[in-house]
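Based on these hints, arrange chain B on the given structure of chain A.
Sequence order for the protein chains is A and B.
Reminder that position 1 of the first sequence reads as 1 in our numbering, one-by-one numbering, no gaps.
Reminder that position 137 of the second sequence reads as 1137 in our numbering, one-by-one numbering, no gaps.
Bear in mind the hints are in silico, worked out from the structure with no lab data behind them.
These figures come from a predicted structure and were not determined experimentally.
Do not rely on the hints blindly, as some may be mistaken.
[Unchecked claim] Ranges of calculated distance between the beta carbons of each label pair, as one might list FRET restraints:
(1) B:W1037 / A:G99: 25 to 35 Å
(2) B:A1409 / A:T223: 54 to 64 Å
(3) B:S1038 / A:G145: 39 to 49 Å
(4) B:F1551 / A:G145: 46 to 56 Å
[What the hints assert, rightly or not] Derived BS3-like pairs: lysine-lysine, alpha-carbon spacing no greater than 30 Å straight-line:
(5) B:K1247 / B:K1227
(6) A:K313 / A:K224
(7) A:K318 / A:K216
(8) A:K325 / A:K313
(9) A:K107 / B:K1227
(10) A:K122 / A:K107
(11) B:K1060 / A:K139
(12) B:K1100 / A:K139
(13) B:K1060 / B:K1100
(14) B:K1060 / B:K1247
(15) B:K1060 / A:K107
(16) B:K1312 / B:K1282
Where a beta carbon is used, it is the ideal one built from N, C-alpha and C, also for glycine.
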Amino acid sequence: MSKLGDLGARLHRGEVGYDFIGNRKIWYGLSILITITAIVALAVRGLNMGIEFQGGAVFTTPKSEVSVSQAQEYAEEASGHDAIVQQLGNGSLRIQVGGLDTAQSDKVRTELAKDLNVAEDKIAAELVGPSWGEQIATKAWTGLGVFMILVVIYLAIAFEWRMAVAALIALIHDLTITVGIYSLVGFEVTVGTVIGLLTILGYSLYDTVVVFDSLKEQTKDITKQTRFTYSELANRSINGTLVRSINTTVVALLPVAGLLFIGGGVLGAGMLNDISLSLFVGLAAGAYSSIFIATPLVADLKEREPAIRALKKRIMAKRAGEAAKGESFDGPDAPETAVVGPRASRRGRAPEHRG
Amino acid sequence: MAAPKKGRRPAGGQSRPGRALALILIAMVALTGGMFWSGHTTPRLGIDLAGGTSITLKAKAEPGQESAVNETNMNTAVGIIERRVNGLGVSEAEVQTQGKENIIVNIPRGTNEKQAREQVGTTAQLYFRPVLAVTNGGPAVAPSAGSSGSPSATPKPSSSASGSTVGEKSATPTATGSAQGRALTEALKAPSPTPTGKASSTATPKATGTPTATPTPDAATAALEKKYTSLNCLDPKQRSAAGQGVKPSEPAVACGEDAPGVWSKYLLGPAEVEGRDVDDAKGQLDQQRGMWIVTMDFTDAGSKKFQAITGKLSSQADPQNRFAIVLDGEVVSAPSVRQTLSASAEISGNFNQQSAQDLGNILSYGALPLTFETQSVDTVTAALGGDQLEAGLIAGAIGLGLVIIYLVAYYRGLSLIAILSLGVSALLTYVIMALLGPAIGFALNLPAVCGAIVAIGITADSFIVYFERIRDELREGRTLRPAVERAWPRARRTILVSDFVSFLAAAVLFIVTVGKVQGFAFTLGLTTLLDVVVVFLFTKPVMTLLARTKFFGEGHAWSGLDPKRLGAKPPLRSSRRAHASAAGPVDPKEA
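One chain only, chain A, in its complex shape (with noise of 0.2 Å):
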């Protein structure tokens, strides 16, 4: 592990680093060719929607002698219609109809209760009808709208609006993503699904955040140096922030494994695992967007500036000049090079404690 804070001291020192904002058009490639995978599997395939959403009944047996397809044909002659039936791991069977309504249900319980020679009052049931899913829908729809709003009318006000842009870009990128793996994998889609959804939302700003703060601290009193140009300083509070923003997606990223393991593992499926999953494949698209999409996005968005275009021609300027004198300059990652620079900065970030 101390590997690892090894690496920290040398990221935090500018030794090593990567180029984020230089490579950024592979990774705006690579981005784009995921969500158009996304877009198309989602148009192609479409979402395998759950029974919350189709209207229908999820009935959980407890252990019993009967095979899964038994169980399949007991349940489609109760009640006439398909029947999904998962043997989850502790033995018991999830048997879901869809098509169901209030009165059917109770009768196909109660058959299934007899066929599986078990007690009726042992048997759960979750019954939906058809526009319960749809109001949850839409009230998912109108939270993800609210929510996309104030955020961008906060991040606005404490940042600046480009950043609100680009987190909002990293976002819908993390959505899409998600939704795009569970139309491509054929997931089932549930309530649990749309908390999972719903909880990136946050999460996948929130690690963008934080690497936004550290850019606007670093990049604060930019117009008062020549050194460094708006894309380098980005790159540099990337790479400052490498170490943390590993740690966070760990650390985020192991109780949502071990409720993965467990919904999986143990349940077999149900809420735990719904949520757990689209939780997984959200937090780390969104640990990889607030990296290679938001912060360069910004970056490629501030230099279209005037100040920090005047300030990039100064730059380059400067360098040329500084190279024409024979000072060899490999770059803006390679500051061992001994430049010595004024101290603007510094100066201007000193008291430090102005919060």
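Coordinates of chain B only, in the frame set by chain A:
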């Protein structure tokens, strides 16, 4: 949670870590004490963890009455559903509104869930219709046990004879055939001008579109009588089909249960009074007569209508002097009328406490212009609930364990602070959840457990942000004590900004969503708030205190703050010299 405010000072300022620690200690002791004092030492479990049935209803306003779905009506409905469900003998059933248009009914396990669902489900359409004929529940061709129907019942009654045929089948022996027959024919014809007149004048082509709609009242009567004759109330399917899709303005057939398993079928005139005309109704004990009665009060409009119907009915003979209280197409009661009544009335008869109160509830319930649609019914067995709870707890334990292992491996001694902070956070979360049960009816459900587990990451991240800041300061050559203080303002800002975003997400989710999503959002929001509290009042002060110890202060190899391991430049005693050194060519952080 407040937005990060510039220049805001934490309660545990640099110099007074003790005060902040005392504050959080007092809070912890007070909350924990409160928990034990209140006797609720475990969080209340939701239906999905404890077992039971959870029913979600959605209110639907009738067309033209969209404003009816409002807080007052919803609260009244909640009260009535609560009474009805708890009338089944369970006192722990809870009924709550959720969002603007949903009602959640949670019934703990051990209750007759089917019966409860019926009580909750049979809700809305209440009409008073005059009774035209009544007979035992079987079809005319197959008289069932207890039948008082006369053998003269013919399977194919002719239009002209139908009136007396139906009348003869009446369960009441005192009625004379001719009177009943006349009354029935009249009753069937009397209201028809309104609907038929409308249909013929405005929508004759429409009438042809629907096969059942026939232009002449006679034909309609014949069709209805045929339906009535063949209706078998003993068949649940026919029973529910009979009452469906009937317009209140048209005559109808319906079934009613007189006693368990004993059914009567009714031929009914158009609705004269609607559920919303009833202002209030109650089942109560008449002290003087020592019997249970149901009292009804009508609204102003209702009084007039009720006066009209009772005036008409009171002069008739049985059964045409009766009006049927029809709830969702089923006759719940059909009392006879002896005199003209208006604003208030009572129904007396063979009631016991239960049936009187049930009818009272049904009448009041019908007074709401709301229909409820069952959105979902979730029945969780005790075994499944237990499994889910166990799985959630195991998952939480595994998650917490993994996080602790990672923190220890990476942060060494520093992880002690992180683990303590996580512990404080967990304790506060638990105690507050336990207290919120009795306070606001908070129930821990599976999504809430998930929310808490996910929150481990968010909480731990705050420490990571702070620790990484401290390490950055150490790497610049500072000693620990100034590093801890210098790192704090910047870490504080990051923590506040990111927690604010997280809290915003939780709050928006909580406000706009329903059901399970809400439970999740609530826990996430709560833990995010607690994270801020813990970082400010616990982590930071403890860090300040520990920086004074030899183990941490001198950067022991296992403290996680060893400057050598962190790759810091040679340690410097004062920050002034660190500053000077930082100006050197290899100062990386500063541009």
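We went through each hint and held it up to the structure:
{"no.": "1", "hint": "B:W1037 / A:G99: 25 to 35 Å", "result": "violated (51 Å)"}
{"no.": "2", "hint": "B:A1409 / A:T223: 54 to 64 Å", "result": "violated (43 Å)"}
{"no.": "3", "hint": "B:S1038 / A:G145: 39 to 49 Å", "result": "holds (40 Å)"}
{"no.": "4", "hint": "B:F1551 / A:G145: 46 to 56 Å", "result": "holds (52 Å)"}
{"no.": "5", "hint": "B:K1247 / B:K1227", "result": "holds (15 Å)"}
{"no.": "6", "hint": "A:K313 / A:K224", "result": "holds (14 Å)"}
{"no.": "7", "hint": "A:K318 / A:K216", "result": "holds (25 Å)"}
{"no.": "8", "hint": "A:K325 / A:K313", "result": "holds (18 Å)"}
{"no.": "9", "hint": "A:K107 / B:K1227", "result": "holds (27 Å)"}
{"no.": "10", "hint": "A:K122 / A:K107", "result": "holds (15 Å)"}
{"no.": "11", "hint": "B:K1060 / A:K139", "result": "holds (17 Å)"}
{"no.": "12", "hint": "B:K1100 / A:K139", "result": "holds (12 Å)"}
{"no.": "13", "hint": "B:K1060 / B:K1100", "result": "holds (11 Å)"}
{"no.": "14", "hint": "B:K1060 / B:K1247", "result": "holds (18 Å)"}
{"no.": "15", "hint": "B:K1060 / A:K107", "result": "holds (27 Å)"}
{"no.": "16", "hint": "B:K1312 / B:K1282", "result": "holds (25 Å)"}
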